[in-house]
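**Student:** Sequence:
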Amino acid sequence: MARYTGPATRISRRLKVDLVGGDQAFERRPYPPGQHGRGRTKDTEYLQQLQEKQKARYTYGILERQFRRYYETAVRRQGKTGEVLLQLLESRLDNVVYRAGLARTRRQARQLVNHGHFIVNGKKVNIPSFQVSKFDIIDVKPKSLPTLPFVAAKESVGDRPIPGWLQVVPSTLRILVHQLPERAQIDVPVTEQLIVEFYSK
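Counting from 1, one number per residue, gives the positions in the sequence shown under the UniProt record's numbering.
Treat the hints loosely; a few may be bogus.
As the list claims (entries may be wrong) - Lysine-lysine pairs mimicking BS3-like chemistry, simulated, CA-CA at most 25 Å apart:
1. Lys143 / Lys154
2. Lys124 / Lys134
3. Lys123 / Lys143
4. Lys123 / Lys154
5. Lys134 / Lys80
6. Lys141 / Lys154
7. Lys80 / Lys201
8. Lys201 / Lys55
9. Lys124 / Lys154
10. Lys124 / Lys143
11. Lys123 / Lys141
12. Lys80 / Lys55
13. Lys123 / Lys134
14. Lys141 / Lys124
Unchecked claim - Simulated DEER-style distance windows between Cβ atoms:
15. Gln108 / Val75: 26 to 34 Å
16. His36 / Asp187: 34 to 42 Å
17. Asp187 / Gln131: 19 to 27 Å
18. Leu50 / Gln108: 43 to 51 Å
19. Ser200 / Gln131: 21 to 29 Å
I should point out that these hints are in silico values taken from the structure, not numbers from a laboratory. Backbone N, C-alpha and C define an ideal beta-carbon position, used for all residues, glycine too.
With the hints as constraints, model all of the structure from the sequences given.
**Tutor:** As C-alpha coordinates, then:
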(Lines of atoms letter the chains of each structure in order from A; the text may use other names.)
(Lines give C-alpha, C1' and ligand atoms only; values in the text may rest on other atoms or scores of the structure.)
Protein backbone atom coordinates (compact mmCIF):
# COMPACT_ATOMS: atom_id res chain seq x y z
CA MET A 1 0.00 0.00 0.00
CA ALA A 2 1.14 3.54 -0.74
CA ARG A 3 1.88 5.56 2.38
CA TYR A 4 0.31 9.00 2.81
CA THR A 5 3.00 11.69 2.78
CA GLY A 6 0.80 14.81 2.75
CA PRO A 7 0.06 17.24 5.59
CA ALA A 8 -0.91 15.55 8.86
CA THR A 9 -3.76 17.89 9.86
CA ARG A 10 -6.63 19.62 8.09
CA ILE A 11 -5.29 23.04 9.04
CA SER A 12 -1.95 22.41 7.37
CA ARG A 13 -3.75 20.92 4.37
CA ARG A 14 -5.74 24.13 4.09
CA LEU A 15 -2.53 26.15 4.31
CA LYS A 16 -1.06 23.99 1.58
CA VAL A 17 -4.11 24.65 -0.61
CA ASP A 18 -3.75 28.40 0.02
CA LEU A 19 -0.08 28.25 -0.98
CA VAL A 20 -0.79 26.20 -4.13
CA GLY A 21 -3.56 28.48 -5.34
CA GLY A 22 -6.60 28.31 -3.10
CA ASP A 23 -9.83 26.76 -4.26
CA GLN A 24 -8.83 27.42 -7.87
CA ALA A 25 -6.54 24.40 -7.64
CA PHE A 26 -9.65 22.20 -7.38
CA GLU A 27 -11.75 23.87 -10.08
CA ARG A 28 -12.77 21.69 -13.00
CA ARG A 29 -11.06 22.76 -16.18
CA PRO A 30 -13.01 22.66 -19.46
CA TYR A 31 -10.41 20.38 -21.09
CA PRO A 32 -8.86 16.97 -20.32
CA PRO A 33 -5.81 16.68 -18.05
CA GLY A 34 -2.26 16.41 -19.26
CA GLN A 35 0.17 18.15 -21.54
CA HIS A 36 -2.00 17.80 -24.67
CA GLY A 37 -5.33 18.28 -22.94
CA ARG A 38 -6.24 21.62 -24.51
CA GLY A 39 -5.87 20.41 -28.07
CA ARG A 40 -7.41 16.98 -27.64
CA THR A 41 -11.16 17.51 -27.96
CA LYS A 42 -12.61 18.42 -31.33
CA ASP A 43 -16.33 19.01 -31.68
CA THR A 44 -16.66 16.96 -34.86
CA GLU A 45 -19.86 16.41 -36.83
CA TYR A 46 -19.82 12.72 -35.88
CA LEU A 47 -19.47 13.58 -32.17
CA GLN A 48 -22.48 15.91 -32.32
CA GLN A 49 -24.57 13.22 -34.04
CA LEU A 50 -23.50 10.56 -31.53
CA GLN A 51 -24.23 12.83 -28.56
CA GLU A 52 -27.71 13.61 -29.91
CA LYS A 53 -28.47 9.92 -30.40
CA GLN A 54 -27.23 9.09 -26.90
CA LYS A 55 -29.28 11.94 -25.44
CA ALA A 56 -32.46 10.52 -27.00
CA ARG A 57 -31.57 6.99 -25.87
CA TYR A 58 -30.95 8.02 -22.26
CA THR A 59 -34.07 10.23 -22.18
CA TYR A 60 -36.34 7.29 -23.05
CA GLY A 61 -34.16 4.67 -21.34
CA ILE A 62 -33.68 2.46 -24.39
CA LEU A 63 -30.82 0.13 -25.29
CA GLU A 64 -28.90 0.60 -28.54
CA ARG A 65 -30.34 -2.40 -30.40
CA GLN A 66 -33.91 -1.43 -29.58
CA PHE A 67 -33.25 2.21 -30.51
CA ARG A 68 -31.88 1.15 -33.89
CA ARG A 69 -35.03 -0.94 -34.50
CA TYR A 70 -37.13 2.17 -33.83
CA TYR A 71 -35.03 4.03 -36.41
CA GLU A 72 -35.46 1.26 -38.99
CA THR A 73 -39.23 1.28 -38.40
CA ALA A 74 -39.28 5.08 -38.81
CA VAL A 75 -37.42 4.80 -42.15
CA ARG A 76 -40.09 2.46 -43.53
CA ARG A 77 -42.98 4.75 -42.56
CA GLN A 78 -44.27 7.78 -44.41
CA GLY A 79 -43.20 11.23 -43.24
CA LYS A 80 -39.95 12.72 -41.97
CA THR A 81 -37.86 9.95 -40.47
CA GLY A 82 -36.72 12.00 -37.44
CA GLU A 83 -40.25 13.09 -36.54
CA VAL A 84 -41.63 9.56 -36.98
CA LEU A 85 -38.82 8.25 -34.74
CA LEU A 86 -39.74 10.67 -31.95
CA GLN A 87 -43.43 9.82 -32.40
CA LEU A 88 -42.65 6.11 -31.96
CA LEU A 89 -40.66 6.82 -28.81
CA GLU A 90 -43.38 9.07 -27.37
CA SER A 91 -46.06 6.45 -28.10
CA ARG A 92 -44.44 3.83 -25.85
CA LEU A 93 -46.79 2.84 -23.02
CA ASP A 94 -44.26 3.67 -20.29
CA ASN A 95 -43.74 7.14 -21.78
CA VAL A 96 -47.50 7.74 -22.05
CA VAL A 97 -47.92 6.83 -18.36
CA TYR A 98 -45.12 9.27 -17.50
CA ARG A 99 -46.53 12.05 -19.71
CA ALA A 100 -49.98 11.61 -18.17
CA GLY A 101 -48.49 12.31 -14.72
CA LEU A 102 -49.11 8.84 -13.26
CA ALA A 103 -45.38 8.41 -12.56
CA ARG A 104 -42.67 10.84 -11.47
CA THR A 105 -40.08 9.45 -13.88
CA ARG A 106 -39.99 7.24 -16.96
CA ARG A 107 -38.15 4.63 -14.92
CA GLN A 108 -40.98 4.51 -12.39
CA ALA A 109 -43.52 4.37 -15.24
CA ARG A 110 -41.68 1.40 -16.74
CA GLN A 111 -41.72 -0.39 -13.39
CA LEU A 112 -45.47 0.20 -12.97
CA VAL A 113 -46.13 -1.18 -16.47
CA ASN A 114 -43.82 -4.17 -15.86
CA HIS A 115 -45.76 -5.04 -12.71
CA GLY A 116 -48.98 -5.26 -14.70
CA HIS A 117 -50.89 -2.31 -13.24
CA PHE A 118 -52.37 -1.15 -16.57
CA ILE A 119 -55.16 -2.26 -18.91
CA VAL A 120 -55.19 -1.03 -22.54
CA ASN A 121 -58.57 -1.29 -24.29
CA GLY A 122 -59.70 -3.87 -21.73
CA LYS A 123 -56.59 -6.08 -21.96
CA LYS A 124 -53.78 -6.28 -19.41
CA VAL A 125 -50.47 -5.03 -20.84
CA ASN A 126 -47.15 -5.37 -19.01
CA ILE A 127 -44.78 -4.48 -21.87
CA PRO A 128 -43.27 -0.95 -21.47
CA SER A 129 -42.50 -0.71 -25.22
CA PHE A 130 -46.15 -1.42 -26.18
CA GLN A 131 -47.12 1.07 -28.92
CA VAL A 132 -50.16 3.13 -28.01
CA SER A 133 -52.51 4.05 -30.90
CA LYS A 134 -55.01 6.81 -31.57
CA PHE A 135 -58.24 6.47 -29.49
CA ASP A 136 -56.67 3.94 -27.09
CA ILE A 137 -58.02 3.91 -23.53
CA ILE A 138 -55.55 3.13 -20.74
CA ASP A 139 -56.91 2.25 -17.30
CA VAL A 140 -55.27 1.45 -13.99
CA LYS A 141 -56.33 -1.98 -12.72
CA PRO A 142 -59.04 -1.55 -10.04
CA LYS A 143 -56.94 -3.57 -7.54
CA SER A 144 -53.98 -1.24 -8.11
CA LEU A 145 -55.83 2.06 -7.54
CA PRO A 146 -55.54 1.98 -3.70
CA THR A 147 -51.76 1.39 -3.84
CA LEU A 148 -49.36 4.19 -2.89
CA PRO A 149 -48.07 5.18 -6.37
CA PHE A 150 -51.59 5.76 -7.69
CA VAL A 151 -52.86 7.48 -4.53
CA ALA A 152 -49.93 9.90 -4.93
CA ALA A 153 -50.69 10.25 -8.66
CA LYS A 154 -54.31 11.19 -7.89
CA GLU A 155 -53.15 13.93 -5.52
CA SER A 156 -50.59 15.34 -7.93
CA VAL A 157 -52.43 14.94 -11.26
CA GLY A 158 -52.38 18.26 -13.07
CA ASP A 159 -49.26 19.52 -11.27
CA ARG A 160 -47.24 18.73 -14.37
CA PRO A 161 -48.51 19.91 -17.77
CA ILE A 162 -50.16 17.09 -19.75
CA PRO A 163 -49.58 17.21 -23.53
CA GLY A 164 -52.57 18.02 -25.74
CA TRP A 165 -52.67 14.60 -27.39
CA LEU A 166 -53.52 12.99 -24.03
CA GLN A 167 -56.34 13.44 -21.54
CA VAL A 168 -56.44 12.16 -17.96
CA VAL A 169 -59.61 11.58 -15.93
CA PRO A 170 -58.47 12.53 -12.36
CA SER A 171 -61.05 10.41 -10.48
CA THR A 172 -60.15 7.10 -12.17
CA LEU A 173 -56.71 8.00 -13.63
CA ARG A 174 -57.99 6.86 -17.04
CA ILE A 175 -55.77 8.01 -19.93
CA LEU A 176 -57.41 8.82 -23.26
CA VAL A 177 -55.18 9.01 -26.35
CA HIS A 178 -56.81 11.55 -28.68
CA GLN A 179 -54.11 11.33 -31.36
CA LEU A 180 -50.48 10.42 -31.87
CA PRO A 181 -48.13 13.28 -30.91
CA GLU A 182 -46.95 15.79 -33.49
CA ARG A 183 -43.41 17.19 -33.40
CA ALA A 184 -44.55 20.49 -31.86
CA GLN A 185 -46.09 18.56 -28.92
CA ILE A 186 -42.89 16.65 -28.11
CA ASP A 187 -40.84 18.74 -25.69
CA VAL A 188 -37.67 16.64 -25.74
CA PRO A 189 -34.52 18.76 -26.36
CA VAL A 190 -33.26 16.58 -29.21
CA THR A 191 -32.29 17.52 -32.77
CA GLU A 192 -33.68 14.47 -34.53
CA GLN A 193 -32.04 15.30 -37.86
CA LEU A 194 -28.62 14.62 -36.33
CA ILE A 195 -29.82 11.15 -35.27
CA VAL A 196 -31.02 10.43 -38.81
CA GLU A 197 -27.63 11.55 -40.17
CA PHE A 198 -25.85 9.32 -37.65
CA TYR A 199 -27.68 6.17 -38.73
CA SER A 200 -27.84 6.94 -42.46
CA LYS A 201 -24.05 6.81 -42.94
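**Student:** Against each hint, give a clear statement of whether it holds in the structure.
**Tutor:** Against the structure, the hints:
1. Lys143 / Lys154: Holds: Lys143 and Lys154 sit about 15 Å apart, inside 25 Å.
2. Lys124 / Lys134: Distance of about 18 Å is within 25 Å: holds.
3. Lys123 / Lys143: holds, 15 Å
4. Lys123 / Lys154: holds, 22 Å
5. Lys134 / Lys80: holds, 19 Å
6. Lys141 / Lys154: holds, 14 Å
7. Lys80 / Lys201: Roughly 17 Å between the alpha carbons, so the hint for Lys80 and Lys201 holds.
8. Lys201 / Lys55: holds, 19 Å
9. Lys124 / Lys154: At roughly 21 Å apart (the allowed maximum being 25 Å), Lys154 and Lys124 satisfy the hint.
10. Lys124 / Lys143: Judged against 25 Å, a Cα distance of about 13 Å means the pair holds.
11. Lys123 / Lys141: Cα-Cα ~10 Å, so holds.
12. Lys80 / Lys55: Within the cut-off at roughly 20 Å; holds.
13. Lys123 / Lys134: Roughly 16 Å between the alpha carbons, so the hint for Lys123 and Lys134 holds.
14. Lys141 / Lys124: holds, 8 Å
15. Gln108 / Val75: 26 to 34 Å: holds, 31 Å
16. His36 / Asp187: 34 to 42 Å: The hinted range 34 to 42 Å holds for His36 and Asp187, with Cβ atoms some 40 Å apart.
17. Asp187 / Gln131: 19 to 27 Å: Cβ of Asp187 to Cβ of Gln131: about 20 Å, so the range 19 to 27 Å holds.
18. Leu50 / Gln108: 43 to 51 Å: violated, 28 Å
19. Ser200 / Gln131: 21 to 29 Å: holds, 23 Å
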